[in-house]
Structures are given as C-alpha cells and as structure tokens.
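Participant: Let's have the full structure, built from the sequences with the hints guiding it.
Chain by chain, the residues:
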Amino acid sequence: MSVINGRVWKFGDEINTDVMAPGIYFKLPIEEAIKHCLEAVDPTFAPGVQPGDVVVAGRNFGVGSAREQAAMGFSGLQVGAILAVSFARIFYRNVLNLGVPALILPEAGEIAPGDQVRVDPVAGRVENLTQDKTYAVEPLPPHLMEMINAGGLMPYLKTRIAGEATHDSR
Amino acid sequence: MSNTPATLVEKIIARAAGVEAVSPGEIVTCQVDLAMILDSGGPRRIWPRLKELGVGVWDPEKIVVVADHFVPATDPAAAAILKLTREFVAAYDIAHFYDMQGICHVVLPEHGHLKPGMFCCGGDSHSTNAGAYGCYMAGFGAIEMTGVLVTGEIWTVVPETIRVDWSGSFGTGVAAKDVMLLLARELGMDNAFKAIEYGGDTVRGLPMAERVVLTNMAAELGAETALIEPDEVTLAAIRAAGAEPAADALTWRSDPQARYQARHQFDAAALQPQVAAPHKPSNSGPAADFERDHIRVDQAYIGACVGAKLSDLHMVAEVLRGRQVARGTRLMVAPASNRIMAEAAADGTLATITAAGGLLLSTGCGACAALGAGILAEDEVCISSTNRNFQGRMGANSSSVYLGSPYTVAASAVAGRIVDPRNLL
Chain P
1 MSVINGRVWK FGDEINTDVM APGIYFKLPI EEAIKHCLEA VDPTFAPGVQ
51 PGDVVVAGRN FGVGSAREQA AMGFSGLQVG AILAVSFARI FYRNVLNLGV
101 PALILPEAGE IAPGDQVRVD PVAGRVENLT QDKTYAVEPL PPHLMEMINA
151 GGLMPYLKTR IAGEATHDSR
Chain W
1 MSNTPATLVE KIIARAAGVE AVSPGEIVTC QVDLAMILDS GGPRRIWPRL
51 KELGVGVWDP EKIVVVADHF VPATDPAAAA ILKLTREFVA AYDIAHFYDM
101 QGICHVVLPE HGHLKPGMFC CGGDSHSTNA GAYGCYMAGF GAIEMTGVLV
151 TGEIWTVVPE TIRVDWSGSF GTGVAAKDVM LLLARELGMD NAFKAIEYGG
201 DTVRGLPMAE RVVLTNMAAE LGAETALIEP DEVTLAAIRA AGAEPAADAL
251 TWRSDPQARY QARHQFDAAA LQPQVAAPHK PSNSGPAADF ERDHIRVDQA
301 YIGACVGAKL SDLHMVAEVL RGRQVARGTR LMVAPASNRI MAEAAADGTL
351 ATITAAGGLL LSTGCGACAA LGAGILAEDE VCISSTNRNF QGRMGANSSS
401 VYLGSPYTVA ASAVAGRIVD PRNLL
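Protein sequence lines correspond, in order, to chains P and W. Going letter by letter, the first sequence gives residues 1 to 170 in my numbering. Going letter by letter, the second sequence gives residues 1 to 425 in my numbering.
These are computed hints drawn from the structure, not numbers from a lab. Just to be clear, a hint being listed does not mean it is correct.
Computed Cβ-Cβ distance ranges for the label pairs, DEER-style [to be verified]: (1) Arg259/W to Asn149/P: 15 to 23 Å; (2) Ala77/W to Gly12/P: 48 to 56 Å; (3) Ala136/P to Asp201/W: 43 to 51 Å; (4) Ser398/W to Glu164/P: 30 to 38 Å; (5) Pro141/P to Ala79/W: 51 to 59 Å.
Derived DMTMM-like pairs: lysine to aspartate or glutamate, alpha-carbon spacing no greater than 20 Å straight-line [said to hold, decoys possible]: (6) Lys10/P to Glu107/P; (7) Lys51/W to Glu107/P; (8) Lys27/P to Glu87/W.
Among the chain W residues that face chain P by a calculated CB cut under 10 Å, a handful are [stated by the list, open to error]: (9) Gly41; (10) Ala77; (11) Ala80; (12) Phe97; (13) Gln101; (14) Gly122; (15) Gly139; (16) Gly222; (17) Gln265; (18) Gln272; (19) Cys368; (20) Ile375; (21) Asp379; (22) Ser400.
Just so you know, these numbers come straight off a predicted model, no measurement behind them. For glycine and all other residues, C-beta sits at the position ideal for the given N, C-alpha and C.
Facilitator: Shown next, in the form of structure tokens:
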C-alpha cells in the first residue's frame, strides 16, 4: 500500500454515523448521498475535501449505526486515511472493508486542521509535516493488511473465489 | 471443551471457530449459524456485489431477510427498494422472509430463530438485541454481510467480557430502558471490541421483552455484543415462538471462575427514571432534573425495536388511562411488530392509546431513523422511547430528541413537557 500524503480535516469526539450519513438521504443514490457527509458538523467538508486528504478525529469515531453509507462517505470522497483516538467497531470494519486505512492515533488531538500529514499504514508511521512531528502507530493486523492491499473486501473475495475455482478444477 | 474457565461469549466463539478455547484479543474466523439482512442495507447493496462476484449465497436456509426500514413505502424510491428486496428473496430462494411483519430484532425471536449458543450476524447495529437469548449476534455493514452471504464466515477479534450485575427490584415507573440510559452514562459509549454480560437477580426476574432492552442498547455502549445467560424464562419464550431449544441450551453459561475485564454492580431499587438529552444517549440524568427545566415537547414518539414491544405499550397505556395528550403535543405510537399490534388490539391497549389522543402508525423502523412517518421539523423537540438521539437522527438537523422509557414518554405527552412519570402512576 502506498504512503498517503494529504491535508487534514479535523473532527471532534463521538462523531456519529447519523451525521456522517443522515437517514433523510438514505434513498438517494450513493454518489448523491455522500455529498451530505458530515454537513451538520462541517458543511465545507464534503464540497471541499480533495482525494488523498486525511481525516483526523477524536474518540469513538463512527459511533452508531451499521449503515455502510457512513463509511462510503470517506471512500467515495477518496479520503486517503482516517486517524482517530478510537473507532466505533462497525464503522471501523466498514471503512477497512472499503479499502480506507483507519489507524488509531492517541495523539490525534495534537494535529490541527489544514496540517499536511504523511501516513504510512504498513510501517505504522504518521508524520505531521506542518508541525514537524512524527508518531508511531500500531500497524493493521496482517489479515486486514492482506485485504486492504487487495483494495478492500470485494477484490479480496474475488481473489478468494478465483482461488477456490482453481482448487475445485484440480 | 477446554478446562480453562471461559465466559459465554468466548464459549460461543470457540464453538463457531471450531477450536477448543479462545482468548480475548485473538482473531478467529467463525462459521455463521444465521445471517440477517434488511431492506435498507441488504439486497440493494448486496445483490449488485453478488452479481459482480458471480456467485450465489452460501446457504439460503440460514439467511433471514426482513423488510422493516422503508415500510410501508412512502415514495417511489422506497417502493423500488422494497420491490428489489422481494425480487432478491425469490431469486436466491431465501427460506425466511418477513415482509412488513415488524422490526427485524423483534421478528427474529417472535419466529423462533434465536437459540442459546448460536453465532449470528446481522446487517444492523442493534443486532446485539439477540444476545438476550444466549446467543452471539453482532452488527455488520452491508459489504461485510456480502462476505457472510458468500462464504458463511466472518472474522472477529475475541472481545473482552464486562460483567454487569443488577440486584433488587425496580421501583414504580422504572423500566429496563432506564438501566440503559444510566449505563450509557456510567460505562460510556466507547466499548468497542468488548462484550457486555448482564446478570443478577434483577435481570433474571425480567421478562424477555425487558431483557432485550439491555442487549439491544449495548449498541449504544459501543459494544461488540451483549449476552444474558439463558434460563427457564428464555426457554419458555423460545417454546412460545414455536421452536424447541436444544437439550444443552442451559449449559451455555459463563464458567464460575471465568475472567472478566471488569465487573460492575448496580442497585435496581435506587434507580430513578432517566432521560438522555440531545445529542447522545450518554447525556443522561434523572427525569426529575429535566422536569425542573420545563422542556416543552412537540412530539412524543413510542417506537423502534427497543421501545414499542407489547410490554412497552402496556407501560404507555398505564400512564394514559383516563388522561389526554396535552394540546400542542402529538403522541405517535408505532408498534414494533404486527403480532404486537394484534395483541395490543386484542387486550384493549390500542384503544386506551387512541382514546387519549395518541396516533397509531404502522409497524417498522419509521421515524426512529428518519425513514418513515413521524419525522421532525427544524427546531422541533421530541421525547422518544427509541435507542439513540444523535443530531438529525429523527429529522431536521436542528431538531432535538430526548430519550426516555415508555412511561416517561407517555407522561411527557400528557404534560406537554418532559416529566418524571412517577407522579402519574
């Protein structure tokens, strides 16, 4: 997996899935729905975020529902990585399954909005180029890295299914 | 089975992973006994992926599909989602389909799908609800449910178990919902990768309809899942649903020497009715404190998997009998399932609610997630028996949702403002 180099969008503690993907937009096609991602918290985020930008948040990022649209906001807007003090369980699994690296960074509070950061999920390193600080983060476990390296759960399943088909034909 | 003492969730995961024992933190792959998907994040998201992968489902007998989020359709987009859900069920020969029968977490046990020791996955965060039946069930997103439907497997990190014991009896006007609003405050909402196990004489004394409130709202604690060790009450509920528990059902319990990450003990008699202020369930405190703040409510809502079961409707009727909903406040009641609706009609509960001025809505997830009837306008205030109150959860971004028990919601509907229900009981 390549190193991510992007500008920081900063969010607080307990940002929930209802503000990431409001229920009132559920029926919209996903490419329309994600334009409302986090609009109640920061209306400039969805229109302004650039591919490769990095989301930095506080505790329990993604608390709430299983709704995949919450995670699709970040994959759809091509966020490069998410760094948070902690993640809610289902959201964490969803973003990883969609191929967005999510890393636990206890020092996330030190990073400021607009900072330029460099994230290496394999080496487990986050560099804040603006503040000239470097953080070591826990790399993702090998079984998750295997899936993320494949590009997410769907490409991973394709590889697995192809492997089984080859196996069956033997 | 291993000789190392284990908690209930560890035993279920070990069995599903096909190993003797597991330890917290270990990553294992489990065979899934039941996979539940819904209209919202179900076929509409999963079917295109199955087509892309060019494969079918692993076992149509083990899949339950429930149409509950967009029911009944309120516009062509919702109608199309429901139509696609029905077509998916026909195309893949899904054995169990509940179309507009009620909310999935209530419908599953109503139809005898849950038994102690099972390992289940659901496409909804409140899938933790099922743990009251002594099984593991957790929520997953649609992409991960696609993987489950294809492979019949899921990976999990074996969670640490937190034991929460309650002893004593609830006072008048106190319900399981108050337990959870208090626990959201006390244990916080950041318990990812942990399992909550509830016990104690209070819990053993609760009927299933109240026990599931504890496991349902473990989602609000951020937990992987929550469980209650099965007992005769559990088995009677399974039999009443027309199913037969396995002979070893009562052996699915934690070992006496099992290791818990933490143990908490609470006194039920000391518990007061609780209310959670916007915009999170952990923002809670005694209802009496909120009463002093004179918070006027536009809407009182009784609904959702957690707050519109028959026992919940009974609590509402107990408050409303001989009283009227306040002018300027609207009370809406969306029973959690068609079976509950029929039972509440037969025993006179619905008549009591409508006589007091309450409006009956159809069964389904409805306004709880701003999907169906009963959505809030800008700046409106609602008190609700549902399980979460995040900003915009029930409608406009500037609306506010307070959470309370069915007693508290009904009493607040009568008063037109948030009150402690004990003055009306």
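Participant: Each hint needs a verdict: does it hold in this structure or not?
Facilitator: Now the hints, each set against the structure:
Distance hint check: the CB atoms of arginine 259/W and asparagine 149/P are about 35 Å apart, inconsistent with the given range 15 to 23 Å. The beta-carbon spacing between alanine 77/W and glycine 12/P, approximately 33 Å, falls outside the hinted interval of 48 to 56 Å. In this structure the supplied range 43 to 51 Å holds for alanine 136/P paired with aspartate 201/W, their Cβ-Cβ distance being about 48 Å. Judged by the Cβ atoms, the range 30 to 38 Å given for serine 398/W and glutamate 164/P is violated: they are separated by roughly 52 Å.
Distance hint check for proline 141/P and alanine 79/W: the Cβ-Cβ separation is about 43 Å, which falls outside the suggested range of 51 to 59 Å. Simply put, lysine 10/P and glutamate 107/P have alpha-carbon atoms about 13 Å apart, close enough for the 20 Å limit, and the pair holds. With a CA separation close to 43 Å, the supplied pair lysine 51/W and glutamate 107/P exceeds the 20 Å bound. Taking the CA atoms of lysine 27/P and glutamate 87/W, the gap is near 18 Å; set against the 20 Å cutoff, the hint holds.
For the restraint placing glycine 41/W at the interface with chain P, the shortest Cβ-Cβ distance is roughly 6 Å, inside the 10 Å limit, so the hint holds. A hinted interface residue such as alanine 77/W counts as satisfied when its beta carbon comes closer than 10 Å to some beta carbon of chain P; here the least separation is about 4 Å, so the hint holds. The beta carbon of alanine 80/W is positioned within 10 Å of a beta carbon in chain P (closest approach about 9 Å), and the interface hint is therefore held. Violation of the interface hint for phenylalanine 97/W is found here, the shortest Cβ-Cβ separation to chain P being roughly 20 Å, above the 10 Å cut-off.
Taking 10 Å as the C-beta contact cut-off toward chain P, the hint placing glutamine 101/W at the interface is violated, the least distance being around 21 Å. This hint holds: glycine 122/W has a C-beta 8 Å from the nearest C-beta of chain P, less than the 10 Å allowed. For glycine 139/W, the interface hint holds, the least distance from its beta-carbon to any beta-carbon of chain P being 4 Å, beneath 10 Å. At about 6 Å, the closest approach between the beta carbon of glycine 222/W and any beta carbon in chain P falls short of 10 Å, and the interface hint on this residue holds.
Interface restraint check: glutamine 265/W against chain P, minimum CB-CB distance 25 Å, threshold 10 Å, status violated. About 25 Å separates the beta-carbon of glutamine 272/W from the nearest beta-carbon of chain P, more than 10 Å, and the hint is not met. For cysteine 368/W, the shortest C-beta to C-beta distance to chain P is roughly 9 Å, which falls under 10 Å, so the interface hint holds. Nearest Cβ of chain P to the Cβ of isoleucine 375/W: about 7 Å, under the 10 Å cut. The hint holds.
At its closest, the beta carbon of aspartate 379/W sits 14 Å from a beta carbon of chain P; the interface hint therefore is violated under the 10 Å criterion. At about 13 Å, the closest approach between the beta carbon of serine 400/W and any beta carbon in chain P exceeds 10 Å, and the interface hint on this residue is violated.
Of the hints listed earlier, those the structure fails to meet are numbers 1, 2, 4, 5, 7, 12, 13, 17, 18, 21, 22, in rising order.
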